[in-house]
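*Asks:* These are the residues of each chain, in order.
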Amino acid sequence: MERLSNIKNNPFIGQQINLEKPISFLVNNIKIEGFEGDCVLSAILASGFDCAGTHLSFPIALDEYLNLPVSLITKGTELDITAPVQRMPAINGAVYNIEGVNAGTKISNLIRRLKNERINSLNINFDEGKIDFYPPTKQVDIKQISVELLIIGGGLAGLSAAKYGATICNDILLLEQQNLLGGDAILFGNNSDDENPEKLVKDLVKSIRKAKNIKIKASSAVIKLKDNIALVQRLSVFRGKLKQEFFEVSAKKIVLATGCVDRLPIFNGNRICKSFGLGSIYRLASSYGIFPKGQSSIITNNNAAYRMALLAADAGAKIEKIFDARIEPKSRFIEFAKSYGIKLETGLMPIELKISDDKKQLHLEMGLVWEDRFGKKSTLNVDNIILSAGWLANLDLWLQAGGNVISSESPSGIKTQGKLKNISLAGSNSGWRSNFAIMQSGAEAINYLFRKKTSDIVEKRIDTLFETPIGSALIYKENILDAAPKYYDFGNSFICKHSAKNNNIWSNISLSNKIINYDILNNKAFSLGDICALNNISKLSKLQFEQIVKERAIKGEKLFSTIQEPYDVKLTKAKSVTNIPNYLQERYGKDAEVWEITSLENVSFEVGQLIFANSDISNPEQALGSVIYQSNEFCVALIAKHKAIVGQQISIYTSGGHSLAKLLKPH
Amino acid sequence: MAALLACSLSKLYGRETALIGQFAHSLLPSHGFDISVDTITQPQTWRLIKENMSPFEGLLKDFSNKEVYEKVDPIFIARSQKSANALNHARNVANLYGFSIEKQELTKGVMQSIQFRDAIRIKRRSMFTGLDDWLSRNNVKLLDTNNIELKRGASGGTKITSANEAIVAKRIIFVGDEAILNYMPQKDIGNNFFKIATNTLMLEPVKKLKNSTIINIDDGSILFQHANGTIDCTSRDDFTNISHIISNDGENNRHIKLAGKAQFSSLISKDGAGVFGSLLGTKLSYIGGFGTSGAFLTPLMAKILVGRGNDFENEYFAKRKPKLNEKLRPDISEFFVAKTKKKQRRVR
Chain A
1 MERLSNIKNN
11 PFIGQQINLE
21 KPISFLVNNI
31 KIEGFEGDCV
41 LSAILASGFD
51 CAGTHLSFPI
61 ALDEYLNLPV
71 SLITKGTELD
81 ITAPVQRMPA
91 INGAVYNIEG
101 VNAGTKISNL
111 IRRLKNERIN
121 SLNINFDEGK
131 IDFYPPTKQV
141 DIKQISVELL
151 IIGGGLAGLS
161 AAKYGATICN
171 DILLLEQQNL
181 LGGDAILFGN
191 NSDDENPEKL
201 VKDLVKSIRK
211 AKNIKIKASS
221 AVIKLKDNIA
231 LVQRLSVFRG
241 KLKQEFFEVS
251 AKKIVLATGC
261 VDRLPIFNGN
271 RICKSFGLGS
281 IYRLASSYGI
291 FPKGQSSIIT
301 NNNAAYRMAL
311 LAADAGAKIE
321 KIFDARIEPK
331 SRFIEFAKSY
341 GIKLETGLMP
351 IELKISDDKK
361 QLHLEMGLVW
371 EDRFGKKSTL
381 NVDNIILSAG
391 WLANLDLWLQ
401 AGGNVISSES
411 PSGIKTQGKL
421 KNISLAGSNS
431 GWRSNFAIMQ
441 SGAEAINYLF
451 RKKTSDIVEK
461 RIDTLFETPI
471 GSALIYKENI
481 LDAAPKYYDF
491 GNSFICKHSA
501 KNNNIWSNIS
511 LSNKIINYDI
521 LNNKAFSLGD
531 ICALNNISKL
541 SKLQFEQIVK
551 ERAIKGEKLF
561 STIQEPYDVK
571 LTKAKSVTNI
581 PNYLQERYGK
591 DAEVWEITSL
601 ENVSFEVGQL
611 IFANSDISNP
621 EQALGSVIYQ
631 SNEFCVALIA
641 KHKAIVGQQI
651 SIYTSGGHSL
661 AKLLKPH
Chain B
1 MAALLACSLS
11 KLYGRETALI
21 GQFAHSLLPS
31 HGFDISVDTI
41 TQPQTWRLIK
51 ENMSPFEGLL
61 KDFSNKEVYE
71 KVDPIFIARS
81 QKSANALNHA
91 RNVANLYGFS
101 IEKQELTKGV
111 MQSIQFRDAI
121 RIKRRSMFTG
131 LDDWLSRNNV
141 KLLDTNNIEL
151 KRGASGGTKI
161 TSANEAIVAK
171 RIIFVGDEAI
181 LNYMPQKDIG
191 NNFFKIATNT
201 LMLEPVKKLK
211 NSTIINIDDG
221 SILFQHANGT
231 IDCTSRDDFT
241 NISHIISNDG
251 ENNRHIKLAG
261 KAQFSSLISK
271 DGAGVFGSLL
281 GTKLSYIGGF
291 GTSGAFLTPL
301 MAKILVGRGN
311 DFENEYFAKR
321 KPKLNEKLRP
331 DISEFFVAKT
341 KKKQRRVR
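These protein sequence lines map, in sequence, to chains A and B. Take the first sequence: its position 511, counting from 1, is numbered 511 in this note's numbering, and each next residue is one higher. Take the second sequence: its position 32, counting from 1, is numbered 32 in this note's numbering, and each next residue is one higher.
Read the hints as simulated data drawn from the structure, not as lab findings. Remember, predicted model here, so these are calculated numbers, not experimental data. Some clues are possibly wrong.
To be verified - The calculated label-pair distances, taken between Cβ atoms and stated as ranges, are:
id, chain 1, residue 1, chain 2, residue 2, range
1, A, V646, B, D62, 53 to 61 Å
2, A, T379, B, D133, 34 to 42 Å
3, A, E586, B, I167, 52 to 60 Å
4, A, T379, B, M53, 34 to 42 Å
Claimed, not checked - What the simulated footprint calls covered on chain B by chain A, stretch by stretch (three residues with Cβ under 8 Å from a Cβ of chain A suffice, anywhere in the stretch; the number is not a length):
id, region
5, 37-43
6, 221-232
7, 284-293
Ideal placement from N, C-alpha and C gives every residue a C-beta, glycine not left out.
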């Protein structure tokens, strides 16, 4: 990626960076250059890295959805400041460490840096399992905060909820994980006669900043939500130093205005390096002024992609072509895109994406769509691919809070079901699309939580004759042998299908199965996107879908973070024979007796050993008793009464055969 | 277990059999394990398991190309004196029936540890993906599980109506914990079973553990590691013991990541010996509480249900009939722990 050239008076202004203050820092021994205000991810991407590492030997694109944890290192000691790369502020002169990179790679990075060699990959090996950001496990200071209303998300819905909430409630906290308020509203533009989103955001921010009963905390991410308590990590930079704060916010009412994330088109090679999610690119461009380098093409099924192409073209980026899976789509953004000279091909679906041997170009294969079949294929070479298969509601916190999700026929594939008493969704995560409906849903969430009269939310849409709705999920079902894996979602679950020839010489000689299939049966946590894709491909029943979401969509949970010591058991034995174990009750008759026994061979016995009348020990059903207590002083057995005579010789089964003993007296 | 029993009735004894039940999706955490050995203290149970391994394997011969069961060498661990005694007794009895068992070295907090050799584990997830086909091939009719209604018919049979069809069954058998919890009268559940909240976890791959199958008999936790390193485990407790086993076995097993989790109710019969048969005065039969090894007795259970059991087998199951009050059944207890102890003082 590179910094955009024309970012003045443009939404892709790179609002968070100060171009006059260049900085540099180290990540895993690699020198990274950026600007004050960059996050670690944006600076890495702007320094020419487009690859996070490898999975199944294929290069994986570096993006925010990987949620890579990075730690700030001071004087060789790891502090308790770890956060995902997209939230970690870049500090001049700092040293960072990203998990999953082995020591050998770090040394080779150092050598390459000294030789001034260009590196484009962080070289993380994702085969070893998920590398994720988890809530802190070491002792950190956590400030306790209590509020009446907590709003999570500072986009249009969250801002509207705060504004309206301020008329009802005196104690509001608004949390936004980005440094800036407004969310992704500008990407989607206005719908119908909505006001433009820039103005809407500006007005809302102005009014809530004025309100004395609203506190706003930006750069504050909710990393866990349970029972109306949110664990929040806030990272800020003060006088060039990174400051971390943890809050435990206890809220009577919570609005979740968490927005949407990109859906991934499903085809082989869909996460190969130099491919990016549209929403992710939008956030990087608007906050940090960076965009994929060279000619980019877009694969899409929706109109926001055109809007994005226009914003990018205005900012000096080169958008070569847009491939739209919809047949003859209509949108005012499409018309604008054409007038910008952006080429458009419709009715095409991606089939395979490959990277050239020199890792400089992508080779894209597209096919014609016709009633779920694929026709003529075309291929082309591109520098980058931007992928947009629609949007998936960001419902991870909703699920953590105990909310339900069911499958739906909508392009996103899911919707929420039921309500929570003190937690309400608002905005695009509950399916609203127009700015008007998103803002209204923020206010209605407040009405619901404070038990006020609610109204129906009105979705304003332009007639489909003029604005073609978002298309169905982009899925190429065939799996291409030896192609790069076909992933089900962005993110770090790496659920994928991949088939490759096994080139191992031994497997060829043994004529065993020569095709290796990796598939989703690996025990890995799924993302909601994975499950939606699975549903699109395998047609789960509604019940199965719900169960899989409930039992397999795990986010931010790490088990046994503190190594547990075993509980020691009391090693002293009971002082006397008290109870006959339940499993021996009546085994040797209702009137079985407890007898003291002694070995005739000077051996000690074990509790549980079987006692026989003679040396025939072959049938346990013929046993006349069992040892039930053993101490230094005496040994006690439960014996069938009718066979018990003082002095009688008995055989006790031992692992080596049997040992002779005799009955001493009733105990 | 219900599917295995249904198929046994149809395939081995030619009974017209219908099955109502939804098999768990192969992606869901498994609600339990089926392993052919357990902390079994009654000699008769060991004998029947031994005698029935061959019919069990025969039953699954035509399943498909897939392996639906495999050999494992499970380790049983006891952390209290009582359970150590029981484990020792089970080892002694099983040894005499020819089961190969070795004592293991004791580690901190463990009072007894034994390893069974060549036990069988059913691969539930592999089995679930091919069950429909297998049952259909063996003439077991699968009824839609939606909107099931049971009505006693005039001829003595029961009319079962599902979403799209109706059949009349001469006999109805409720097999497994879920069926019993849904269809046995609450009072009778209370007379015959302890209801236990059980958790199950799927864990992302970790380095290979020394043993793939570990069973802690004090809290009923079972851990199984697949060949690819992933782990399935169930527990009635808080997984502390499982955490200890994994994190102390292999230097790189300290970051254990969750891949799935579920909670469900399981049943333990009040004497640990299982429940088999009809409630007095009804034609409804119940089978449950036979523990991890119960599935391996399904061909035999079918044999009893069609009246072909020998005297020994008939007597064994007759003793396990559900009781109308707690005192009516002869004492045939197996070892079990229904409640886990509160955490003991941690010793440093």
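*Asks:* Just pull the numbers of the violated hints for me, sorted ascending.
*Replies:* 3, 4 and 7
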